[in-house]
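Residues per chain, in single letters:
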Amino acid sequence: MAILEVSDVTFAYGDAPVVEGVTVDVEAGEFLGLVGPNGSGKTTLLELMIGLRRPDSGTVTLFGDPAHESSHGERIGFVPQDVTNTTGEMPITVREAVRMGRYPHNLTGRFTSADRDAVDAALARVDIADLADRRIGRLSGGQRQRAFIARALASEADLLALDEPTVGVDAESRDAFYHLLHELNQDGITIILIEHDIGIVTTHASEIACLNRELFFHGDPEAFVDTDALADAYGGATSVLEHHH
Amino acid sequence: MIALLFSGLGQLLAPGQVGTVDRILRFLLDDLWGTVLDLLAELTGIGILSSAFMQRAYLAAICIAVIGPLVGSFLVHREMAMIGDTLAHSAFAGVAVGLFVNAAYSVVVPPLLSALFVAAVAALLVQTLVDYAGAYRDTSLAIVLTGSFAVGSVLITATDGGISVGINAYLFGSLATVSRLNAGILLVLSAVVVVVATVAYRPLVYVTFDEVGARAAGLNVTRYNQLLAVLTAVVVVGAMQIMGVILVAAMLVIPVAAATPVRGFKRSVGAAVCAGLLATTIGVTLSYIYDIAAGGAIVLVAIGIYAAAKVGVRLRREQARRKHNRDVSRSPSKTVKPDGGDDE
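Residue numbers (my numbering), protein chains in the order written: chain A, -16 to 228; chain B, 53 to 396.
None of these hints come from the bench; they were simulated from the model. Owing to the predicted nature of the structure, the values given are computational and were not obtained by experimental measurement. No residue lacks a Cβ here, since even glycine has one placed at the ideal position from N, Cα and C. Warning: the hint list may mix true and false statements.
What the hints assert, rightly or not - Here are a few chain A residues that face chain B, going by a calculated C-beta distance under 10 Å: (1) Gly34; (2) Gly60; (3) Met73; (4) Arg78.
Stated by the list, open to error - Covered stretches of chain A, going by a simulated chain B footprint (3 or more residues, C-beta under 8 Å): (5) -14 to -5; (6) 87 to 97.
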């Protein structure tokens, strides 16, 4: 069953179209990797998918409703690029950040034991329970991204949207992070991931969408490696970096 | 909310009910607050506390110390510290409108209320410029700041200098402007700010921490941004009487900056309020004793607290580093924390 249907979507900043005529469905439990060169509209497409932007034409249907007016906020977990710059000085703790996952469920009332349990379980699930009282701005990049995942889990999100989450994260933490994503996907959480490292995407994703304003490829990773879609999207001049895990 | 607030205040100030308002103010400020401070003066032997004039000044100081850092905590961590300054200048235009109307037509509009109205409108204008016009945040702020100050200066000069006498008190702040009515207005504004900020605490924290994440989670970010801007306008107008237009933004920023080393957002807000209380009460006292401007004295004390907090953190970090080095040299096998650890 498709939880997300992107149908012939076009979006432009002013006169410059950044996403044009894109049609993609995302099934429940899928792990979709979004790849494409810099400035190819990946982030914009992701924002359209989770309703942060409204398409100029075409439709995005998320959990059965138009995405931009969807009221399913608690089902969506968003993990931005490493956020060191914006959250660095805010004296907020990891637990306070993860508690935000409960806010869509409980915006003004007292936190119940169910709320607190969900927060504790989420912290434990991503293995940062021991960091709960630390300032989030003082964590390493990998730990911080785990805190954002924990926030999504506390929200009981069944869709995770990640925009290049491991930029600036060291190699070891990055492998552990993708291992965690893989496990969460096995548990049934749908994942949409923007990632510039093609090797990671072909290793972990169940579906790949290759974008450069228009959609160049949509299918499984094996077929993707066999086609010229990547070269076409990147303008044919890029040699593909393959990773063997 | 603003409309409701105004209609409420409007009713309060209707001629027939002035007597009731006066009685309530007398009870709250003289009977309740006055008696408490009289007792305190007797117990401590501090004479200043028993003067009615200073009792109102201390009440205003406490209100400002609570609401300034409370709202400022959300502004500083979004790098919106300058919005306070912008709204203060639009509040100045509002004061000028009030004084102008009072001088030109023989109606009585408390300048604080016209300031509240103009600053609230300016707050929404700034947010709209940022959201829709695509203007950069600091450009929008600069336009509204200078624009409203221009309106103020034009209105003041339009009355042949007749109202420029009264304007000085608002520009630089003064303990003398805290009349019983102004203290009452500040008390009501403070109560509104505390209640609204408490009820909207979670969405405001979420939007401050991660605006995009908050939108993805389904929060109406635009509405909360507007709420924050209007709350800022209310704080600025309330604090303006003592702090003055030019210095009022300090109470939104300096105590919050001083409390930044505290771990945990909620605790840091509490610490910022404590820093604010220390700054305003000491500042008001110094202002009375040495007959100097209250706003300036408060800001200088606040900066002193900020500097002391920074130095304290630096010393503690240095101490921790030395202790760490000692421990490492004693047991070289001990692992080093990769991220340096927190200061508190």
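Status of each hint after checking the structure:
1. The closest approach between the C-beta of A/Gly34 and any C-beta of chain B is roughly 8 Å, which is under the 10 Å cut-off, so the hint is satisfied.
2. Annotation: interface hint on A/Gly60 holds; nearest CB of chain B at approximately 8 Å, less than 10 Å.
3. Interface hint at A/Met73: satisfied, since its Cβ lies 4 Å from the closest Cβ of chain B, which is below the 10 Å cut-off.
4. For A/Arg78, the interface hint holds, since its Cβ comes within 10 Å of a Cβ in chain B; the closest pair sits about 9 Å apart.
5. Restraint check on the region -14 to -5 of chain A versus chain B: 0 residues with Cβ-Cβ distances below 8 Å, three needed, restraint violated.
6. With 3 residues having a Cβ less than 8 Å from any Cβ of chain B, the region 87 to 97 of chain A passes the three-residue criterion, so the hint holds.
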